[in-house]
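> Line order of the protein sequences matches chains A and B.
FYI, in full-length UniProt numbering the residues of the first sequence are 1 to 224.
FYI, in full-length UniProt numbering the residues of the second sequence are 1 to 319.
FYI, nobody ran anything at the bench for these hints, they're computed from the structure.
Remember, predicted model here, so these are calculated numbers, not experimental data.
Heads up, a few of these hints could be off.
Computed Cβ-Cβ distance ranges for the label pairs, DEER-style [unchecked claim]:
1) Arg126(B) with Glu112(A): 16 to 26 Å
2) Val102(B) with Glu53(A): 32 to 42 Å
3) Arg30(B) with Lys161(A): 21 to 31 Å
Over the 10 Å line for every Cβ pair with chain B, so calculated as not near, a few chain A residues [stated by the list, open to error]:
4) Lys100
5) Asn182
6) Tyr209
7) Arg210
8) Ile211
9) Ser217
10) Ser218
Backbone N, C-alpha and C define an ideal beta-carbon position, used for all residues, glycine too.
Read off the chains here:
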Amino acid sequence: MSDALSEDGSDINQDDSQEDIMTPAELIAKLEQAWLNEKFSPELLENKSEVVECVMEQLTHMEANLQRVKKGDAKAGFHRMEIDRIRFVLSSYLRSRLQKIEKYFPHVLEREKSLVEGQPSLLSPEEFAFAKEYYANTETYLKAVALKRMPPNLQAVDMLKAVPEPCLDSFVFLRVKERQENILIEPETDEQRDFVVDLEEGSQHLMRYRIVAPLVSSGAVELI
Amino acid sequence: MFCEKAIELIRELHRVSDGQLPAFNEDGLRQVLQEMEALYEQNQADVSEAKAAGRADLIPSIKLRHCCLLRNRRCVVAYLYDRLLRIRALRWEYGSVLPANVRFHMSAEEVQWFGQYKKSLASFMRSIGGQEGLDVTQDMKPPKSLYIQVRCLKDHGEFEIDDGTVILLKKNSQHFLPRWKCEQLIRQGVLEHVMSAGGHGGSHHLPQQRPQRCDLVLQLVVLLLCLFLPQLCDLQRSQQLRILKVQLLQCTARLVAPLHLDRTRGQNGPVGRRQQNHRLTCSFSCCTLSCSTLRSALSCTSRLAACCCSAASALSNCS
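For reference, chain A alone in the conformation it holds in the complex (with noise of 0.2 Å):
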């Protein structure tokens, strides 16, 4: 990791004492992690908000020692490509949980709605009032435009029916990072039967979503 990453690394443990001391190194680790697993999954997985506060932090910090150096120092450009490429991670991770929320508005919502008490939460406060805000201004345009002009018993549209819901059953790759064993394969057609599987720990699969989403939210398994 950079020298000026590991300057900070006290300021980090400071600010994270009540959750556990993570170094840079691993922050920028699970950034990445966190990264890979939302661009392959084909559904929206849990927000990872403190990750993304730690590493705004850690961003501001690494700009402001930049300030402090002197010019001309050539560490000076290995720090900037350092913050552009940490930079360019976290933009893509907010960018591709932005375009689920869009592509999916109406599930999302409802999954939120219908979390039970002590899950972790889908969305973050920003992101569930980014949702509701695009709900209501969608809703608020078709009516406007079509739905009131037309006969009374057809101006509400169910939301959760229009909108197709994401597939879950598409495949994705995946690496095994902690040993799994009996995991129930579902048959995908009548003919096919149900078979169970041992994961191996460092093994890589190629699976339908649905059978690993739960290993992906623990973290057992991380997509590729």
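Following the hints, position chain B against chain A.
Positioned in the frame of chain A, the structure of chain B alone reads:
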């Protein structure tokens, strides 16, 4: 036929190449809504008659009209929603301010929707991380290098970069600027990223090879001359002949090897030159094969002479 107008709306969107926004078809939408109104009124009349007079034979036509109404509604909503998705994509591509020709194709309500969308996106971006936020519409591609070469496509005036220097962006001027500053302007079309020249690595190796190849060909010619001019009729010099033949073979092998590389490397040399070289090597190898007996050595002198001529012409084409 019912629902024709609605399908026409969908087809219009489908026809336009993806991403572009055609003009809002106000007329088409109005016609579909009128058709829906007419169908609904007919249905209302039939339902009341079916209830009052007990006419069950009206029920299939009521059902048909209801299906047409549902289909019309589905097509209309799909048309409007797809347009919204295209407008949303425009925000990510062009930024907050849309070009005038695009705005011309949007209806008033779409402009309103766009303004609202811009606002929610901006408030979301501002709230990331808890401080001043992060502009997620930047950094669309992974960063490859710190500074990039850009060419200015239109006059943009003065442009200030981080260390205070001001650069005048005049049309066709080229600059070496920090990447993160240029991204926005590249997307707006003011600047153009210039890929560094010299992508053809193959053209570099040819001049280096040329002296080597010339050397080799000259060597070959000299060897052949030594081989055939004085010793042609002298059978006792077969030993010398054999030595010279070995040297000839080695020389040909060294000549052929880089040409093989040339062929595998593919598109870099002009095809004519490669064919010539190929012919050259083939002819040389034929000659070496035919040098095994003296008689054939005699007969192939003329062929050798022809080879030397072609080698000379190839050399002149190389240079």
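> Confirm or reject each hint.
For each hint, the structure was consulted:
Restraint check, Arg126(B) to Glu112(A): a C-beta distance of roughly 22 Å satisfies the suggested window 16 to 26 Å. The beta-carbon spacing between Val102(B) and Glu53(A), approximately 36 Å, falls within the hinted interval of 32 to 42 Å. Our hint of 21 to 31 Å for Arg30(B) and Lys161(A) holds, since their Cβ atoms are close to 26 Å apart. Remark: the non-interface label on Lys100(A) is consistent with the geometry, its nearest Cβ contact in chain B lying 14 Å away (cut-off 10 Å).
With a least CB separation of 39 Å from chain B, Asn182(A) remains clear of the 10 Å interface cut-off, as annotated. At the 10 Å boundary, the C-beta of Tyr209(A) stays outside the reach of chain B, the nearest C-beta of that chain being 24 Å off. With a minimum CB-CB distance of about 27 Å to chain B, Arg210(A) clears the 10 Å threshold, and the non-interface call stands. For Ile211(A), the shortest C-beta to C-beta distance to chain B comes to about 31 Å, beyond the 10 Å cut-off, and the non-interface label holds.
At roughly 22 Å, the least C-beta separation between Ser217(A) and chain B is larger than 10 Å, which holds for a residue marked as non-interface. In this structure Ser218(A) is separated from chain B by more than 10 Å, as the shortest Cβ-Cβ distance comes to about 26 Å.
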